[in-house]
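Chains as they are written, first to last, in numbering that gives the first Met the number 0: chain R, 0 to 357; chain B, 0 to 247; chain G, 0 to 184.
One should not assume that every hint holds.
Reference listing, derived: stretches of chain B covered by chain R, where coverage requires no fewer than 3 residues with Cβ under 8 Å from a Cβ of chain R [unchecked claim]: (1) 62-73; (2) 93-103; (3) 134-144.
Simulated from the structure, these hints should not be mistaken for lab results. For every residue, glycine included, the Cβ atom is placed at its ideal position computed from N, Cα and C.
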Amino acid sequence: MEKVLMKGNEALCAAAIRGGCRYFFGYPITPQNEIPEYMSRELPKAGGVFLQAESEVAAINMVYGAAGAGGRVMTSSSSPGIALKQEGISYICGAELPCVIVNISRGGPGLGGIQPSQADYFQSTRGGGNGDYRLLVLAPANIQEAVDLMTEAFDIADYYRMPVMILGDGMIGQMMEPVVFKTPAARELPEKEWATTGTGGARTPNIINSLRLDPAELEKLNLHLQEKYERVRANEVRYEMHQTDEAELVFVAYGTSARIVKNAVAVMRRQGVKAGLIRPISLWPFPERAFDELPGSVRALMSVELSQGQMIDDVKISARGRWPVGFYGRSGGMIFTQQEIVEAGEKMLREVSHVSGV
Amino acid sequence: MSVVFEKTKGLTDKEFHYCPGCTHGIIHRLVGEVLEEMDLLDDAIGVAPVGCAVLAYDYFNCDMHEAAHGRAPAVATGVKRVLPEKTVFAYQGDGDLASIGTAEIVHAAHRGEMITVIFVNNAIYGMTGGQMAPTTMIGQKTTTSPFGRNAEQTGSPIRIAEMLATIDGAGFIERVSVHNPVHIRKTKKAIRTAFECQQNRKGFSMVEVLSTCPTNWGMSPIASLGWLAENMIPYYPLGNFRNPDKEA
Amino acid sequence: MEEKVICAGFGGQGVMSLGRLMSYTGMHVGKEVSWLPSYGPEMRGGTANCHVIISDTLIGSPIISHDATAVIALNYPSMVKFEHELIEGGYMFYNSSLIEQAPERSGIKSIGVAANEIASEVGDLRVANMVMLGAYLAACKPYSLEDVVAALRKVFGPGKEKFIPLNEAALKRGMEVVESAAVGK
Ligand SMILES: Cc1ncc(C[n+]2csc(CCOP(=O)(O)OP(=O)(O)O)c2C)c(N)n1
Ligand code: SF4
Chain R
0 MEKVLMKGNE
10 ALCAAAIRGG
20 CRYFFGYPIT
30 PQNEIPEYMS
40 RELPKAGGVF
50 LQAESEVAAI
60 NMVYGAAGAG
70 GRVMTSSSSP
80 GIALKQEGIS
90 YICGAELPCV
100 IVNISRGGPG
110 LGGIQPSQAD
120 YFQSTRGGGN
130 GDYRLLVLAP
140 ANIQEAVDLM
150 TEAFDIADYY
160 RMPVMILGDG
170 MIGQMMEPVV
180 FKTPAARELP
190 EKEWATTGTG
200 GARTPNIINS
210 LRLDPAELEK
220 LNLHLQEKYE
230 RVRANEVRYE
240 MHQTDEAELV
250 FVAYGTSARI
260 VKNAVAVMRR
270 QGVKAGLIRP
280 ISLWPFPERA
290 FDELPGSVRA
300 LMSVELSQGQ
310 MIDDVKISAR
320 GRWPVGFYGR
330 SGGMIFTQQE
340 IVEAGEKMLR
350 EVSHVSGV
Chain B
0 MSVVFEKTKG
10 LTDKEFHYCP
20 GCTHGIIHRL
30 VGEVLEEMDL
40 LDDAIGVAPV
50 GCAVLAYDYF
60 NCDMHEAAHG
70 RAPAVATGVK
80 RVLPEKTVFA
90 YQGDGDLASI
100 GTAEIVHAAH
110 RGEMITVIFV
120 NNAIYGMTGG
130 QMAPTTMIGQ
140 KTTTSPFGRN
150 AEQTGSPIRI
160 AEMLATIDGA
170 GFIERVSVHN
180 PVHIRKTKKA
190 IRTAFECQQN
200 RKGFSMVEVL
210 STCPTNWGMS
220 PIASLGWLAE
230 NMIPYYPLGN
240 FRNPDKEA
Chain G
0 MEEKVICAGF
10 GGQGVMSLGR
20 LMSYTGMHVG
30 KEVSWLPSYG
40 PEMRGGTANC
50 HVIISDTLIG
60 SPIISHDATA
70 VIALNYPSMV
80 KFEHELIEGG
90 YMFYNSSLIE
100 QAPERSGIKS
110 IGVAANEIAS
120 EVGDLRVANM
130 VMLGAYLAAC
140 KPYSLEDVVA
150 ALRKVFGPGK
160 EKFIPLNEAA
170 LKRGMEVVES
180 AAVGK
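Go ahead and model the full structure; you've got the sequences and the hints to work with.
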């Protein structure tokens, strides 16, 4: 396949259509507007349906209906709009429906700003809706990876009957990089026998629902969901280990941050400081096992985020007290430079040496 | 020498961020003038929308509260219930009011909430770069109706003034336009009557103002005024749809 | 080789498409590239900029911060805003048709290009951005004029092929500004 230069938002759409997306429901919000705009042009050409909903609340419920009817469906928004979708997401998880949700996030809280931010980590991985549910959250760091994950996302969603969230930010959405569209290895997908397509007189009615008034039944649903989430934990963890061999300091960063951290790691290595990076690609399930692969040389970890510190909770859980965990972050759309990270990393290494008396 | 034109005290000195020729600025000035002339500035609380007018909180020279997208009538309701003697108004665009915020506006009217809403209908989403609004004209090309708005897929433009006029709690509902000086004067009068409706506790009041968006319509400011007159007014008839004094 | 270029100017001066063409050409000659635009409401009539990276190796961060190898500034606010992003010895290409003062910063190579005048002479003010690109090509040589023209041909497609000679002429005139200055030295 030929390389093409594409904007992140548009590349995600092209990948979604290749991945089988045929229904899109969304609402304008910066910095993801190119997604609904591209879909309004291109989805009809692919025989699909684009509809601008009256709100994000409506859009996610259109997704709920379309997914229940067996459609391959997607919505996209940015942080405040994703906040509005939380109720619908909870219902979709309760009813075990597949769909893909894109969050091209921006700074918060509230109306916040429109520049890149990673302050939606809790919203994505902890859930802003009610109940014990999970989303499979994938966080690409470049446009090729965004395209590869998106092409596969609809299959993953169908396979587990759960929403897959692609979490990017304004930078991933707005920038252009060359991409190649590949055909992913297709998963063996079961028929959607549960879909409300009309009985055709040939079967008993299907019901898409999350209501279980009998506590025993509701607990059964929850145990079933947990069993499914265990399978996801076992099979869908994705991450990259970058220069962690012999590393003394290991940064943990995802998406946009990870790119800047990679530059910082290169600078530090040139200066003789052994730094490395764990880059989670799946934020849920979080790559806890990546930390077990770290060499004995590691003396400290540092979570680097475009937020005031959210993923650091998962880093601490994964570190299990084996290493001190530091943090460096900027927020509100401010983006750290590689130099800031180099300095934060070196400071942490000095403090660790001091404490251990080295 | 007499002063012919003085900037209203209803607006701050902050420079507008609106695009050249955008009529949001005229509508701001009219609201500011009415608030000043009715001597309401010290007692008014305004609610700003999410849309190009989001920074209205910097422009109106009174206390202001910023709302989430579409929720200004609910926020205004909260303010009014705490301060029933004060003048409370919301300023909203057509994405804000006629799309995401339809539930809030309908129920503010339905409760006869004593607030005044200035509704700016420019047939498009300005702030986010020209997407289709529920008020977009049939055939109008926007970034999310690239082939022109099509009634079969997306319905026909929504007439908010007429719709709200069916609600008993609505005291004053009027549609006006700011495409020429005669209509600008009529708009000011309507805004004044709306605030009077609120003062006299005659129910919910709303003024729908037909407005331009030269940037996203892709026209010069002058051409936009003509487009509004030729395309919007025939579909969105100007006039009063509910008036408390007429009924009395 | 790694070129880190900030292109900046008023909205409407074609800085975004200039950056895109630089990236596009880079991709066609087999380099790694990235293009990162500024975005948001401030772009209405205000200044716009994009960060372009062209590299032989995988690109880490697409953000250029204090390590620009070149800045192409089409108006004065852009030149002032970005001159401090340049590395020592970096290139400042500024549109001398609109910018009367040369950059204040020392330790950089400043090249004034009368892009508006040259573009008008060539036949269309809208190719001022191409004149600037020509100057950049001659000085920094990330790829050849032929590479840019080949990329343009792809971008334009058969429908707009008639615009190629105009753009090529603008590129060449921009290159001459740098080449004649070099001869003069
Ligand atoms: C929950 C939420 N959804 C979407 C947005 C993005 N957004 C900002 S302004 C706007 C629409 C503005 O259009 P309109 O109300 O017509 O006002 P105009 O800009 O035309 O004056 C949207 C959708 C947001 N800020 N919050
Ligand atoms: S985008 Fe449209 S509505 Fe917004 S300020 Fe500009 S002209 Fe006015």
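These are the hints, each one checked on the structure:
Residues of the region 62-73 of chain B with a Cβ under 8 Å from some Cβ of chain R number 4, which satisfies the need for three, so the listed coverage holds. Check result for the region 93-103 of chain B against chain R: holds, 4 residues qualifying (beta carbon to beta carbon below 8 Å, three or more required). A stretch counts as covered by a chain when three or more of its residues have a beta carbon under 8 Å from one of that chain; for the region 134-144 of chain B and chain R the count is 3, and the coverage holds.
When each numbered hint is compared with the structure, no violation occurs for any of them.
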